[in-house]
Amino acid sequence: MPGAARFEVLVGPPADGSTRARAGRLHLPHGTVETPQFMPVGTNATVKALDPDDLDAAGASIVLANTYHLYLRPGHERIARLGGLHRFMAWDRPILTDSGGFQVVSLDDLRRVDDDGVTFRSHHDGSLHRFDPEHAVAVQEALGADVAVAFDHPVPPGSSDRRTVAEATSRTHRWAERSLAAHRRADQALFGIIQGGLEADLRTSSARFIAGLPFDGICIGGLAGDETPEERAAVLDVVMPLLDGDPRVRYLMGLGTPADLLMAVHQGVDLFDSVLPARVARNGQLWVPGGRLNLRNARFLDDPEPVQEDCPCRLCTRFSRAYLAHLFRARELLAYRLATCHNLTFTLDFMARIRSALRAGTFPHSLPDLLARAGARTGAVAVTSP
RNA sequence: GUGGCCUUAGCUCAAUCGGCAGAGCACUGGAUUGUGGCUCCAGAGGUUACGGGUUCAAGCCCCGUAGGCCACC
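The first sequence begins at 54 in our numbering and counts up by one.
These are calculated hints, taken from the structure and not from any lab test.
From the three backbone atoms N, C-alpha and C, an ideal C-beta is built for every residue, glycine too.
Some hints could be false.
Unchecked claim - Cβ pair distances, simulated, as ranges:
1) 265 x 370: 31 to 39 Å
2) 104 x 358: 26 to 34 Å
3) 267 x 220: 22 to 30 Å
4) 230 x 71: 31 to 39 Å
Turn these sequences into a full structure, and let the hints steer you where they fit.
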């Protein structure tokens, strides 16, 4: 495992403590990822509505695929027989597979978690399946992504009393050790996940425990739920200082709005994934500097302007708001593709702007400008200094 | 020409014995964070074809007019 992912810090956080943000490079078997970076989510070995050329044009350098979904369909063994995930989806650049822990816990009501693993029903046909750390690692090795992730036990948001969180967190720790022990592929990295819910002491012990294991990267899980921005910032305030001096890449799982990404970078996070820019795109929400446009709104039906004037994406360079508004009303497939291209282009460009600021040494100073571009609602996102 | 049935929101249709006119879709907004393109939330929208009558009260009962469908000369 060591060597499959090498993280190189290009610009570390300044000595004055004004930010924990940093710029780096994550070297993986299929290429190098500039950080901070955002990973579009391609659950079923495809970023919905896009092909690899679209992804490339949008600026993607790494995508996330989903172990749970690909295990159920078409099956990890089939993908292995067909030459692995990269060849299967015709994407020859880095891929990270989620462990399936989140899906097993979040997507399915019909599940049973015990100390050894999770028994669950397929959301396709109701058939019974079981995941444990060893199996989740084996499935991911068969898929063959650049990065695999340890099987964890996230806590579903909402119904999370302290005892439930503590139990899920200690399970995550035991499963982290088992995932490490089971992992064999030398050409694949393995990341571990910090849990602990919103409890400061559990987050602290989880960060120490996971960071104490020889993972290639550290994930922060359990934070893309229904917590408030303040609660999220509080968790990062606890976790991120504990990772100071740790040479490994830090990946915050599930966050996706530009303002979320920016604030987490400020806290020291290097890597992100989220369905959000793609999902809201499919529902007509287009991200532009300073805010968002809902292309389903009637006012766009006669608007000849592009969605975003200076955007290089295939939507903005060729089509009008009126055309896209029409496509959405007609439920034409092209609407999903064009809107997704745009939101991913915007998001990945936003990350590139953050990287530029970090490399130019202007980052903490440029936070207000970046926040404005992110369209953060006034007052909704507090700039929490690390 | 005669007879029967029908006409309620933009569309398709509900509304018990005559007792506050509703639904689905469409429309107007909003939500969506380790992916189900799904879905969820909220809102607007009515001279019940038109004109009379009966009644405390009419979408509903009575008369007339217009339009639609069907059957029969």
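Between residue 230 and residue 71, does the C-beta distance stay in 31 to 39 Å? Check passed, 37 Å falls within 31 to 39 Å.
Is it true that the C-beta distance of residue 104 to residue 358 lies inside 26 to 34 Å, as the hint says? Holds, since residue 104 and residue 358 (Cβ atoms, about 27 Å apart) stay within the stated range.
Using the C-beta atoms of residue 267 and residue 220, is the stated range 22 to 30 Å upheld? Since the Cβ atoms of residue 267 and residue 220 sit about 25 Å apart, the hinted range of 22 to 30 Å holds.
Looking only at beta-carbon atoms, does the pair residue 265, residue 370 fall within the given range of 31 to 39 Å? At roughly 49 Å between Cβ atoms, residue 370 and residue 265 fall outside 31 to 39 Å, so the hint is violated.
Of the numbered hints stated above, the single one contradicted by the structure is hint 1.
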